[in-house]
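Chemist: Take the sequences, apply the hints, and build the full model.
For the record, the sequence lines run as chains A and B. Mapping to my numbering: the first sequence position 343 is 381, numbers consecutive. Mapping to my numbering: the second sequence position 58 is 96, numbers consecutive.
Note that these hints are calculated values from the structure, not bench results. Warning: the hint list may mix true and false statements.
Heads up, the list lumps identical chains together, so a pair's fine if it works in one copy or across two of them.
[Claimed, not checked] With a straight-line Cα cutoff of 25 angstroms, these simulated SDA-like cross-link-like pairs (lysine to any residue) come out: (1) K70 with Y129; (2) K70 with G137; (3) K70 with G206; (4) K70 with L184; (5) K190 with N200; (6) K70 with R130; (7) K315 with E259; (8) K190 with E502; (9) K50 with W416; (10) K70 with P410; (11) K70 with G178; (12) K50 with E449; (13) K202 with N162; (14) K315 with S371; (15) K70 with D493; (16) K50 with W209; (17) K70 with T188; (18) K70 with F256; (19) K190 with N73; (20) K190 with Y84; (21) K202 with P133; (22) K202 with G178.
For reference, the chains in residue letters:
Number of protein chains: 2
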Amino acid sequence: MSATIQTPDWVKDAVFYQIFPDRFASSARVEKPSNLEPWTAPPTVYGFKGGDLLGVVEHLDYLVDLGIKAIYFNPIFQSASNHRYHTHDYYRVDPILGGNEALRELLDAAHARQIRVVLDGVFNHASRGFFQFNHLLECGAQSPYLDWFTVKRFPLNAYEPNAKPNYGAWWNLPALPEFNTANPQVREFIFNVATYWIAFGIDGWRLDVPYEIDDDEFWREFRRRVRNANPDAYIVGEIWHESERWLRGDQFDAVMNYIQTRAAIAFFGAETLSSLKPGGGYDVLQPLAAGDFAAEIERMLALYDWEITTAQMNLLDSHDTPRFVTMVNGDTSALKLAMLFQLTMPGAPTIYYGDEVGLAGGHDPECRGGMPWDQAQWDMDLHAYVRAAVQVRHAYPALRRGSYHTRLAAETSYAFERIVGGDRIMVAFNTAQTPATLRIPLEQSARDARLVLGDGGSVSANLEGDTLVIQAAPRSGVVVTLG
Amino acid sequence: MSATIQTPDWVKDAVFYQIFPDRFASSARVEKPSNLEPWTAPPTVYGFKGGDLLGVVEHLDYLVDLGIKAIYFNPIFQSASNHRYHTHDYYRVDPILGGNEALRELLDAAHARQIRVVLDGVFNHASRGFFQFNHLLECGAQSPYLDWFTVKRFPLNAYEPNAKPNYGAWWNLPALPEFNTANPQVREFIFNVATYWIAFGIDGWRLDVPYEIDDDEFWREFRRRVRNANPDAYIVGEIWHESERWLRGDQFDAVMNYIQTRAAIAFFGAETLSSLKPGGGYDVLQPLAAGDFAAEIERMLALYDWEITTAQMNLLDSHDTPRFVTMVNGDTSALKLAMLFQLTMPGAPTIYYGDEVGLAGGHDPECRGGMPWDQAQWDMDLHAYVRAAVQVRHAYPALRRGSYHTRLAAETSYAFERIVGGDRIMVAFNTAQTPATLRIPLEQSARDARLVLGDGGSVSANLEGDTLVIQAAPRSGVVVTLG
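Modeler: Okay, structure coming up:
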């Protein structure tokens, strides 16, 4: 455990955009193999649509306009799967994505726009085509790479239908052979991949299922190597539950904060919750009222050091969950409330591509649809709202670095204050279907209250002594600066 | 067909050395995975011994001392097979060989010693782990790479034991899926690989089973691309039989001249022939007497344009055949005679690594043993003889570029003259177990005959009018300059 926990400053100021590379944008500059699915067809388990990294380059200005400061990419390395979690070659960007040259162009273009790039590091398992595993398939027990994986019996039954693999595999899925990370050569291989791409110019790693490499010293060394290559690199783990073990400053900077995700769906979508499971093995969500929601948020904020909390990767959904709007049965008002919530909370908000224009989709593969670039298909109101909320976050340091204080939590009314230095911001939500008057007692007096974000003309914020009185439209969020 | 046939001049002056990379030399500078076979153990079908390219670098001066001017390497790209004909990645030198950096060092070190480097191009088939084929295994009919191979049915049965593959595969071997070279993207892929490594610095391609890509225009375009990248690049096909189709100047510069190989084994090893087949699908060899041998050599020399003939890749054996010494049941005298023969014939002689020190071995995998570096295991007399014969070839341009004329061919006596400009050289063989007097009538008078290579002190060469009289030791070859 480090004496002082340090997480990258830039993350605290970032708004992330998560891109599933096969589905965001396709450039005419990347030649594609022939057998692609139509962009607008429902996504399938095995089909490719042909998105690529130059397509991202060509839409960077869209992200700039939205206020995005960082991209988290789902895996981009050569892989025989549309999600690319089955890595075939860790040193090669997938040719369908444009290869290493496309990543070079993307990094240069993104950095020129002050956008950071975080890649998905899939280090627990490789794939059946990965060289050292393929070696075992081809050469059996005589392969020099015998100790790169954990083999129970030869010959390997990797492609035998319905067979439980006779080698270590993630969730016993034969397509995902697990590395033997007890082998020093395997550790070195992974560390070298990690630092190679950091040196190439990426700004951090999102670590896929890192708890499966159940070895704190592995991740400590991983952190040392990566931070040595770039002291500003961000390391964020995919851990769906409480993660103290990894967040003491010596392993990760953050985790994907699905705790907040679940709470936000259950509160903002309380009336419209679908019966879909929220992902990560969790059961169907139950509605939360404001009191329980605020308690859960306070519990969450107390889990880790504040330095960690302000660098958390917050998110409403991802490639691993139904989209938020689908989790709430199409209730766009819930999405807007939740979007404002994550954009005003400690930790880096993350927008899953397409959420901002209303792209819907249930569990994988549905949540990985092609990004619509025909604006006729966009929810323009939603897009404008998200864009405005992002701007508010960037405008007020208190929203990024300020302390958090619940100020109101009752049924459908919820408000919290963020404070840094002399700057104070109140964020309030009326989740009811009717207008509400929120009376929020202030702990410290204020002379001035100014509404900086509301929803519709019926909203106002005024001081009545040491009470902030907000007239809130139905299902609306409000941001008020206190002077 | 080109109006003028042009083959690289350097090939006509080269003596090649063929290296099977896993078996020639291992450097301490290349870190290896753990499970290697002992260097001196009999080679196996699947095991690796851990030879590498830096090991070659560290033994280049051995090759310089032997008089070698070019190396033909069996495949060096990443492959899950010890022979590396199952290519996994055409753009990556195998990590066990030291990776691309090792090839860089090797090329620089070899070129500094005026040694050229020819690689093995395996373009008919890839492997089951090759990315685009693995894609079909993983994604089935939805893979974008559907048309990179020829699939009869999905799912592919690539790893089903004893199944005939339901996709195009070389010799129906499931490990060797054949490219669909009718696909322009596949053609472009192969051409780009070819020119990438030429630009990297290699001096040519030996083409594995090129007749399987039954498409003259494919190879014409291959030649145009490669020669455009390096006008001096050598293109030599692995074709075991008569090859007029490919040797008209528009496709290959040469083929591996197994026609000469077979004749040399049958003549020089007439008395000691083993019952092994000589490879390439040919039946057991029958002994040849000098008359039939000379007729076969003359037939062979008339097959192609002289520009091709002087650039042929001549060889006594290879990774695909039993070693010569094993084909003649250990009769080293036959090996010495045949070695002198190829070193005095038109076309580039090739020494398969280890032949020069007496390394033996039958059919694959036996012919791929570890090179002995303990000189106590060498046949020092053989090594000195080969070295001397190589020096003679380098000393006399007539041996490299001179015309060929049979001057004697009867039973165990055989002689031919090589002439270029005013330089004349007679090469004579007594393959009998007893001393012989060879009386060779000269077509043109000579004033002087000088013995430049013989075997033992009992040898002499003298002119008697227009007859060259050679007293030849049993089973010996003689090289005489005529002035």
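Chemist: State for each hint whether it applies.
Modeler: Do the hints match the structure? See the list:
no. : hint           : verdict
1   : K70 with Y129  : both (20 angstroms within a copy, 19 angstroms between copies)
2   : K70 with G137  : within (11 angstroms within a copy, 28 angstroms between copies)
3   : K70 with G206  : between (34 angstroms within a copy, 23 angstroms between copies)
4   : K70 with L184  : between (36 angstroms within a copy, 12 angstroms between copies)
5   : K190 with N200 : both (17 angstroms within a copy, 23 angstroms between copies)
6   : K70 with R130  : both (16 angstroms within a copy, 22 angstroms between copies)
7   : K315 with E259 : neither (36 angstroms within a copy, 57 angstroms between copies)
8   : K190 with E502 : neither (72 angstroms within a copy, 79 angstroms between copies)
9   : K50 with W416  : neither (29 angstroms within a copy, 69 angstroms between copies)
10  : K70 with P410  : within (20 angstroms within a copy, 49 angstroms between copies)
11  : K70 with G178  : between (35 angstroms within a copy, 17 angstroms between copies)
12  : K50 with E449  : neither (31 angstroms within a copy, 92 angstroms between copies)
13  : K202 with N162 : within (19 angstroms within a copy, 34 angstroms between copies)
14  : K315 with S371 : within (20 angstroms within a copy, 81 angstroms between copies)
15  : K70 with D493  : neither (44 angstroms within a copy, 64 angstroms between copies)
16  : K50 with W209  : neither (34 angstroms within a copy, 60 angstroms between copies)
17  : K70 with T188  : between (36 angstroms within a copy, 19 angstroms between copies)
18  : K70 with F256  : between (38 angstroms within a copy, 22 angstroms between copies)
19  : K190 with N73  : between (37 angstroms within a copy, 16 angstroms between copies)
20  : K190 with Y84  : between (29 angstroms within a copy, 19 angstroms between copies)
21  : K202 with P133 : neither (32 angstroms within a copy, 31 angstroms between copies)
22  : K202 with G178 : both (18 angstroms within a copy, 20 angstroms between copies)
Consistency note: the structure conflicts with the earlier hints numbered 7, 8, 9, 12, 15, 16, 21.
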